[in-house]
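Participant: So the chains spell out like this:
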Amino acid sequence: MKRQRRFPPSSTARTDLTPTLEGVIAVVRSRHPDSDAGLLERAYAEASIWHAGQRRRSGDPYITHCLAVAAIVAELRMPPPVVCAALLHDVEDTACPPQRIADQLGQEVADLIAAVRTAVVSAHPQTGEGAMLASDAAAPSWETAALAIRLADRLHNMRTIAFVAPARRLLKARETFDVFAPAASAVGLETVGRELQDLASAVLQPAVSSYAVTGRLLTVLTLLLPSQQRARWQEEWSADLAALTTRRARTRFTLHVLLGAPRLSMTLRRPASQEQRRRAGRRGWL
Amino acid sequence: MGTPRMTLQTQLVLRALLEDPARQRYGLELCELAGLPSGTIYPILARLEQVGWLESSWEDPAVHEAEGRPRRRFYGITQDGAEAARETLARTYRSRKQPLPGWVSAHQATGGGAS
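Residue numbers (our numbering), protein chains in the order written: chain C, 220 to 505; chain R, 18 to 132.
I should point out that these hints are in silico values taken from the structure, not numbers from a laboratory.
Computed from a prediction, not measured in an experiment: that's the story for all the values here.
The reader is advised that the hints may include incorrect statements.
[Stated by the list, open to error] Here are the simulated distance ranges between beta carbons:
hint	chain 1	residue 1	chain 2	residue 2	range
1	R	Q96	C	Q326	58 to 68 Å
2	C	A421	R	H81	21 to 31 Å
3	C	V340	R	E49	34 to 44 Å
4	R	A83	C	A314	17 to 27 Å
Every residue gets a Cβ at the ideal spot worked out from N, C-alpha and C, and that includes glycine.
Next up, chain C with everything else stripped away, as it sits in the complex:
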């Protein structure tokens, strides 16, 4: 006998930290007591359908990301349609037909999802909304709502960045540090901004000690090469180095490049061919 008409909790692969739909609804209700939980449940159902079978890099079902982003947005006191859009912010990447979200959840949610895509995240917002957001989050402007979802998306991605490949991780951390964290603070979301900044620096700091040291050593090694060739090998080695995932593999790679550098240097300085051998022969080297 069905006691509750609820959507499958699918708690199997979730960690305790992953928010639940119930949790998200509770947060929304605490800020907007008269809000319709049905809308959120329908949005969750849509997200479950269209993200079914998809997984995060961590191996978690994709829906955990939707819930996490929705929870962050709910904590920012955003109204229910914005939380719905957060649940569905990646639905355009799925097989979901374009009109479906508008039909199921209303045009407002559909438009918000589209706005998230086009939202410009800038460290120095031009709009001048500034610190309005935090105080006025219950009735945010369109742009503010879209931006909040984008920032929440980035925040959860940064919280789970450990599962991303090293090169991409650095890129994302750099962008988060330079653009997203300042953007969050600029619209009054200081807590989000601070957490983004902390997460990004945690990625960027150790990079200084391991990844960049091997990279720097490679730069020094190119000094052995003919000057007009240095830039190419430096770039080629860095790219190959970046493809290695463990510190140990990177160290070994760099060490071997070090051992091979004199030979490479010799090869590059050799004008390639018999002509040179002839010349050498004439001088009696062979």
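Put chain R on the given structure of chain C with help from the hints.
Facilitator: Using the frame of chain C, we list chain R on its own:
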């Protein structure tokens, strides 16, 4: 042009490239395919490129930008390189009286051998 010295390592690199001559590979990939360390691969690649057996070029920006990583240098074996490499490797094998591996047969066939 000239011919590269057929060291064992050079042979391994050429064999790795001849497995799929149409495919471009980057240095680290060839390290794995040939089972050679990085320091050995790059001088060989540089030498083979010098003699015209290989060509190298930077990766298509669309690909590496989409994957969010630095661009790689890709190496492909040239038409001349593939022929010369097959010939040289076949000679090396014959001199050692070993059975010819599959990828040499392409060269043999052009030489007129049936079957």
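Participant: For every hint, state whether the structure bears it out.
Facilitator: Results for each hint:
no., hint, in the structure
1, R:Q96 to C:Q326: 58 to 68 Å, "holds (59 Å)"
2, C:A421 to R:H81: 21 to 31 Å, "holds (26 Å)"
3, C:V340 to R:E49: 34 to 44 Å, "holds (38 Å)"
4, R:A83 to C:A314: 17 to 27 Å, "holds (21 Å)"
Figure legend: structure checked against the earlier numbered hints; every hint is met.
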